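Trainee: Got chain V sorted already, so can you dock chains H and S onto it with the hints?
Residue numbers (numbering that gives the first Met the number 0), protein chains in the order written: chain V, 0 to 348; chain H, 0 to 135; chain S, 0 to 387.
It is worth saying that the hints were derived from the structure and are not from the lab.
Among the hints, a few may not be true.
[Said to hold, decoys possible] Below, in silico cross-link-like pairs of lysine to any residue (SDA-like), each with a Cα-Cα straight-line distance of 25 Å or less:
1) LYS319/V x CYS98/H
2) LYS108/H x ASN329/V
3) LYS330/V x ASP99/H
4) LYS56/H x VAL96/H
5) LYS101/H x ASN329/V
6) LYS132/H x MET219/V
7) LYS285/V x MET219/V
8) LYS39/H x ALA64/S
9) LYS52/H x LYS31/S
10) LYS330/V x GLY106/H
11) LYS340/V x VAL96/H
12) LYS31/S x ALA64/S
13) LYS193/V x ASP21/V
[To be verified] A few chain V positions that, by computed beta-carbon distances, are all more than 12 Å from chain H:
14) ILE3
15) GLN49
16) ALA52
17) LYS88
18) VAL106
19) GLY148
20) LYS166
21) CYS177
22) ASP182
23) PRO184
24) MET219
25) GLY250
26) LYS313
27) ASN318
28) ASP343
All of these numbers come straight from a predicted model, not from anything done at the bench.
Using N, Cα and C, we set each Cβ at its ideal position, and we do this for glycine too.
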Amino acid sequence: MDNIGIISYGAYIPRLRIKTEDIARAWGKDPETISKGLNILEKTVPHCDQDVATISVEAARAAINRINIDPQDIGAIYVGSESHPYAVKPTGTIVGEAILATPILHVADYEFACKAGTAAIQTCMSLVKSDMIKYGMAIGADTSQAAPGDALEYAASAGGGAFIIGKENVIAEINDTCSYTTDTPDFWRREGRKYPAHGGRFTGTPAYFKHITNNANNLMEKMQTKPDDYNYAIFHQPNGKFPIRVAKMLGFSYDQIKQGLLCPYVGNTYSGATMIGLASVLDVAKPGERVFLTSYGSGAGSDAFDITITDQIKNIDKNKAPLLSDMIENKEYVDYTTYAKYRDLLILE
Amino acid sequence: MVDGAVPRFWREIPQRYNLIGNRCESCKTVYFPPMEACPKCRRKSLGKMKELKLSGKGEIVTYTIIHVGPENFENQTPYPIAIIKLKEGPHITAQIVDCDLKDVKIGKKVESTFRKIQQDGDIGAIYYGYKFKLTD
Amino acid sequence: MRDVAIIGVGITKFGELWDKSFRQLISEAGSKAILDSGVSGKDIDALYIGSMSAGRFVGQEHVGALVADASGFSHLHIPATRIEGACASGALAVRQGYLSIASGANDIVVVGGIEKMNDVGGTSATETLATAADQEWESFFGATFPGLYAMIAKRHMHEYGTTKEQLAQVAVKNHYNGSKNPNAQYRREIKLETVMNASPVAEPLGLFDCSPVSDGAASLILCAADKAKKYADKPIKIIGSGQGSDTLALHGRRDICTLDSTIHAAKMAYKNAKIKPGDVSLAEVHDCFTIAEICAIEDLGFVKKGEGGKAVEEKITTLDGRIPVNTSGGLKSKGHPVGATGVAQIVEIVEQLRGEAGDRQVKDVKIGLAHNVGGSGATCVVNIMEAM
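Isolated chain V, as found in the complex (with noise of 0.2 Å):
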């Protein structure tokens, strides 16, 4: 692939947070149990006037902000989620106009469970190279819902990453990209239920760790690497346990996946996840370092990318957005009943 990346990067999640020992309360677990268990320790809530639409343009705005392009020279957009504000009408429409790359502009918006963001990634990189398109910007976010008293609630979190890719001034290279996809309902959410469902602890080894270490193997056996050489790993992580493991059935130790393991912290922002882990990376990560990200989305696939971080990285301006680090300190806690009216779980007339 020649020279194809990340020109810039953004990221948001939403100043609200909840305890999961306050979850567990509200359902007469042992708060300890749980979140050892899940090593979730708390997650983000949105507020009642944020949703993916607003998160996508908060992080679309702060990838721009990094870098000086002129947004009119964005040839696409792709907004990946499973939970739309509309569910016809797309947010990438509104991330557009906000962001002011009408109307010239290539936009759809996606779903694949969590990796709709990584398809994006996918589908702005084959735009570019094929040279349809300067710049695509492709953003996963998430403001995801869980049944009330479900497993699900714990992790279920909001929050989005936002990635420019063109083929100038890349600050963090794509070397490559595979994926790996089965029919496989392991998690899903059937039209006009509020809810999703699953299949328990199906979603483990058929689903999640499957299709993760195929693809990242693969990935691997294409580039002719072993994990020893990245520097850094971003796994899917729908709870604080899984990346872990999956890291350590790979080959990857606990400090490659650390800087981009917010799970703990933030919960699972869906669609945003590894995009967001990646955002982490990248606030961090040096010119010649390397990152392996895997993602995986229910239903199910993986999609895998094999980055290498350029000398480009030093000349954006990073503190031009904030930081991951800096956004999971700003924060403000809720209790289960504040949670329970902002997330729309309360029956009004």
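Mentor: Then chains H and S, alone, in the frame of chain V:
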């Protein structure tokens, strides 16, 4: 068919999303929302009003904490609403977000952010626009 | 321009009047005024009605025709016009009636103000009142009507040191006056602590800083002054009338703490009347919220800008103060059926100038001023009256 005033709110997207105002090229006064003609220069300004994107930076001139809110905002009370003087000159009325109520004070610097303003029930359109965050 | 006099007044009780409809209220006020004036129906040349939002409160527009009809005037086919300027609709109707006589177009007109706000729920009523503000750039973003006045109060407190207690004293004074007004919505005195500790609406304004939602109607019969003595023993002359406008949104004003529309309207009226603010004996001002009364006495020139709070504290505006303000109880205690208020204020001034104000009577009154505001100050009408 939805009865909400969709065209009216669509027309104002440039203002609500990007604070697009305009400036009288005669006297350089900036207006938000944009004015058809400059009240100061009047007919001299016709054809001379140029579109301008405001920076979103400003300062709180006055504010209140709303405890009894309109129907569409009931979930958010109590919330602060303020009159903000934007850097370029015009004043604007907007909610202040992402802070403790007690941190809102006259004189504090603010910056615009993109949020959901309201929606037309569960069936109609969703309207996005500006709210402001404290920067100091 | 000819002189114009008020030869008759009529007013209903103000309050939650479940048994009275829109039509019943306005015909009651109108017939009281006509009886009071001594004119007969066929003497009336035209009808002017102030009503802010019959459309949203009772689902009815075309209010001029409706009122003429309900009042039994339809067979006379006289001109019937409805005037709207949010909460200033009443005084605007008075002014239009006044100008029509002053110009020579009419000799005798009926002016009415009416609002029936309780046929819809409280939330609807509040949202309708909010249409007095800038819908696109204030209400849309979450500003409520009390919120706008609360922002005026916050700035007034910041610039001039006005206190929440001074605001509360306006409410206490007006309730005291209202307790002496048989037509008032609230006829009980209230304590300062009650006002200070009331549940917050929009800080610093609490429940008792805000005028209520009300039903009610008021009416005047205006007549060319040179014919007035034919009908009335104690005609009251309108010696000055003024009107002003300003930006719809509060954020567009020159000075948030000043209603330039009041200053403009008052200046026009004082000039017409050839008097100075110090010549005014008593005033009915637009206290939709306590802060509004404080700004009003400043902007009308009774006290210096910024000293409104202190003036209330020093009891300058009580019934026996230097310049009694809102002897009727004001909007706060008398009630605020929006379109009726501007007319009702003048009914109070007329009764005071005639010496017919009962327990509220102020001694030695000569000149009375009525001040009616629309929205957060985008419209203002000032009328000044004197006994003939």
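Trainee: Taking the hints in turn, state whether each one holds.
Mentor: Here's how the hints hold up against the structure:
1. LYS319/V x CYS98/H: holds, 21 Å
2. LYS108/H x ASN329/V: Measuring from Cα to Cα gives roughly 18 Å; hence the hint holds.
3. LYS330/V x ASP99/H: Given that 25 Å is the threshold and the Cα spacing comes to 11 Å, the pair holds.
4. LYS56/H x VAL96/H: Satisfied, since the Cα-Cα distance of roughly 14 Å is no more than 25 Å.
5. LYS101/H x ASN329/V: Holds - the C-alpha atoms of ASN329/V and LYS101/H are around 17 Å apart, at most 25 Å.
6. LYS132/H x MET219/V: violated, 45 Å
7. LYS285/V x MET219/V: holds, 22 Å
8. LYS39/H x ALA64/S: violated, 41 Å
9. LYS52/H x LYS31/S: violated, 58 Å
10. LYS330/V x GLY106/H: The hint holds at about 24 Å.
11. LYS340/V x VAL96/H: holds, 17 Å
12. LYS31/S x ALA64/S: Holds: LYS31/S and ALA64/S sit about 20 Å apart, inside 25 Å.
13. LYS193/V x ASP21/V: Roughly 23 Å separates the two Cα atoms, so the pair holds.
14. ILE3: For ILE3/V, whose nearest Cβ neighbour in chain H is about 29 Å away, the distance exceeds 12 Å, so it holds.
15. GLN49: The claim is violated: GLN49/V sits with its nearest Cβ about 7 Å from chain H, within 12 Å.
16. ALA52: Violated, because the least Cβ-Cβ distance between ALA52/V and chain H comes to about 6 Å, which does not exceed 12 Å.
17. LYS88: Given a closest Cβ separation of 8 Å, the condition is violated.
18. VAL106: holds, 15 Å
19. GLY148: GLY148/V is indeed farther than 12 Å from all Cβ atoms of chain H, at 22 Å.
20. LYS166: Answer for LYS166/V: holds, closest chain H Cβ roughly 28 Å.
21. CYS177: holds, 35 Å
22. ASP182: holds, 33 Å
23. PRO184: At roughly 29 Å from the nearest Cβ of chain H, PRO184/V sits farther out than 12 Å, so the non-interface label holds.
24. MET219: Nearest chain H Cβ is 40 Å from MET219/V, so the label holds.
25. GLY250: Given a closest Cβ separation of 42 Å, the condition holds.
26. LYS313: LYS313/V clear of chain H: closest Cβ-Cβ about 27 Å, beyond 12 Å.
27. ASN318: ASN318/V clear of chain H: closest Cβ-Cβ about 14 Å, beyond 12 Å.
28. ASP343: violated, 9 Å
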